[in-house]
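Novice: What follows is each chain in one-letter form.
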Amino acid sequence: MPDAVIKIDNLRVEYKGIGGNAPKVAVKNLSLEVKQGEVFGFLGPNGAGKTTTINVLLGFIEPTSGSATIFGVDTREPIARNRIGYLPELTYYYKFLTAEELLRFYARLFQIPKDVAEKRIDAALKLVELDHARGRQIKTYSKGMQQRIGLAQAIINDPDLLILDEPTSGLDPIGKMKVRQIIQRLKSEGKTVFFSSHELGEVETVSDRVAILHEGELKEEGKVQELLNKYNCNLEQVFLKVIGYEEIPV
Amino acid sequence: MRAHLDKILALSGVAIREMYRRKDFYVVLILTVILTLALGSMNFFNEPGITGYVKEICLLLIWVFLLIIAITASARQIPSEIESATIFPLLAKPVTRSEVLLGKALGCWLATGIALVVFYTIFAILTASREHTLPVSLLIQTVLAHWTMLAIVISMTFLGSVIFAAPSSNTTICLTVIIGIMLLGRHLHKIALGLSEPTRTIVEIIYFSIPHVEIFDLRDLLIHNYPAAPWDKFGILLVYGFFYSVIFLILGCLAFNRKRLR
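Protein chains in written order, with my numbering: chain A, 750 to 999; chain B, 3 to 264.
Please keep in mind that the hints were generated in silico from the structure rather than gathered at the bench. Computed from a predicted model, the values in this text were never measured in an experiment. Incorrect hints may have been included.
[Said to hold, decoys possible] Not the full set, but computed from the structure, chain A residues with beta-carbon under 7 Å of chain B:
(1) Phe809
(2) Thr813
(3) Ser814
(4) Phe820
(5) Pro837
(6) Phe854
(7) Gln860
[As the list claims (entries may be wrong)] Sample of chain A residues with no beta-carbon within 12 Å of chain B, all distances over it, derived:
(8) Thr801
(9) Glu811
(10) Pro827
(11) Ile828
(12) Thr840
(13) Asp864
(14) Gln886
(15) Gln902
(16) Pro922
(17) Gly924
(18) Glu964
(19) Tyr994
For every residue, glycine included, the Cβ atom is placed at its ideal position computed from N, Cα and C.
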């Protein structure tokens, strides 16, 4: 049985209420495990608590109660991030750096030796098709190019776990296909991928297991095929049923 | 330890690149260089004694512009990382918030150090061309003292940047505090002696707590060609400066570690 790469145990995250209001509970007693080598889809409508959970996994925020570990290390420890690659939903990179400089900088933070780093930078830029623009500052990049440099920086340390927050957001169909191919390639290499997405068709294609979050609570979790069989419909329909969405006639 | 240092140096490199690729930094740098060169090359009324006044103005310009560069660059670092959200892919790497703050502070300090060397080199060339003499020891002491003073300013500004909400507030407060200390710092003790309790004690506490940045100002020695200070005494000055810089940086790291980013 593969070990748990991500282990979330009774996670609760509350945000302080403003102006005397009650605290907002973003995540309520969430428990789940992601096994090694899995592609795990983390689903939920906007405001469900997906990004909050990812923020806890990356150590950006502390849980109110409960725990989260990555490879057995508490997510609050910087060492937990040694084997992670993270792609944020929106492109947040230093616009004054070139693609090469950005990747070199991140490689140095991972303590990757220079010669290995240079090879990985070349490989990553070729993979995301940004080799021709490696010497240009990121501020000159289109949105799609910035998303692709995001993917390059997420894999620069050859991570064992990739955390992707809406990886195909803002990409054209070719870009989306590229991301899908990368996820499948990483899976074939035994990497673990944990991603949130609204593109349920894609999630259904690439994921081994999914979890559906709604209003901070875990509503459903399991293997994709088992859920499809259980609800006897496609993943989008499963999602809508689980969150209790009722269609209002137009 | 080596890993921490390497990450801090990597972060400082990015901070330096950012400062040198921003056009506003170049504007201030070039303006100061042009003004220094212009003033240094002027010969007012063929008055040979004018050199002292020219030196005074040049050094004042250097001080003013470097203070502005140091404070505005430092005040911006952490808030702009948070505002532009570049802090998130950064903190998703195995790097601590303290390393981020220390790396950026080091970067700002090194960048201002480069600007310092450029300005004082121009000043030295102008002075040597006019006076046909160059007090090398005193010049080195002036540069080192000024750079140490900037270390205090930068570390104080970084502390402010993780406490105050807006960079503009932090810039105003830090500029006011530093200029206030430079103008009034040395007089606070005398002022305290003329006050009654408990105000006297409060002012004395302030006097002994604040970093006396005015003692790093060796411009008068340079203008009037006084001899350099003994190096052992000068060393104490540098230690005093780094002591305050370290205190501010430690407080900054503590505040930044507790700061909610999202």
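Novice: Against each hint, give a clear statement of whether it holds in the structure.
Specialist: Hints and how they fare:
This hint holds: Phe809 (chain A) has a C-beta 6 Å from the nearest C-beta of chain B, less than the 7 Å allowed. Violation of the interface hint for Thr813 (chain A) is found here, the shortest Cβ-Cβ separation to chain B being roughly 13 Å, above the 7 Å cut-off. Annotation: Ser814 (chain A) was flagged as interfacial toward chain B, and the flag is violated, the nearest CB pair being 17 Å apart, outside 7 Å. Proximity of Phe820 (chain A) to chain B is violated relative to the hint, the smallest CB-CB distance being about 12 Å (cut-off 7 Å).
Hint status for Pro837 (chain A): holds, given a least beta-carbon distance of 6 Å to chain B, under 7 Å. The interface hint given for Phe854 (chain A) is met, as the beta carbon of that residue sits about 6 Å from the closest beta carbon of chain B, less than 7 Å. The interface hint given for Gln860 (chain A) holds, since its Cβ lies 6 Å from the closest Cβ of chain B, which is under the 7 Å cut-off. Once the 12 Å rule is applied to beta carbons, Thr801 (chain A) is inconsistent with being away from chain B; the minimum gap is 8 Å.
A Cβ of chain B approaches the Cβ of Glu811 (chain A) within 12 Å, the least distance being about 9 Å, so the stated non-interface status is violated. With a closest Cβ-Cβ approach of about 5 Å to chain B, Pro827 (chain A) is found to fall inside the 12 Å limit, against its non-interface label. At the 12 Å boundary, the C-beta of Ile828 (chain A) falls inside the reach of chain B, the nearest C-beta of that chain being 6 Å off. Against the 12 Å criterion, Thr840 (chain A) falls within the reach of chain B, whose nearest CB is about 9 Å from its own CB.
Non-interface call for Asp864 (chain A) relative to chain B: holds, since the shortest CB-CB distance, roughly 16 Å, exceeds 12 Å. With a minimum CB-CB distance of about 8 Å to chain B, Gln886 (chain A) fails to clear the 12 Å threshold, and the non-interface call is violated. Against the 12 Å criterion, Gln902 (chain A) falls within the reach of chain B, whose nearest CB is about 7 Å from its own CB. Pro922 (chain A), annotated as away from the interface, keeps every beta carbon of chain B farther than 12 Å; the closest lies near 25 Å.
At roughly 19 Å from the closest C-beta of chain B, the C-beta of Gly924 (chain A) stays outside 12 Å, upholding its exclusion from the interface. Consistency note on Glu964 (chain A): stated as away from chain B, and its beta-carbon is indeed over 12 Å from all of that chain's, at 19 Å minimum. No beta-carbon of chain B is positioned within 12 Å of the beta-carbon of Tyr994 (chain A); the least distance is around 27 Å.
In terms of the numbered hints stated before, the structure departs from hints 2, 3, 4, 8, 9, 10, 11, 12, 14, 15, listed from lowest to highest.
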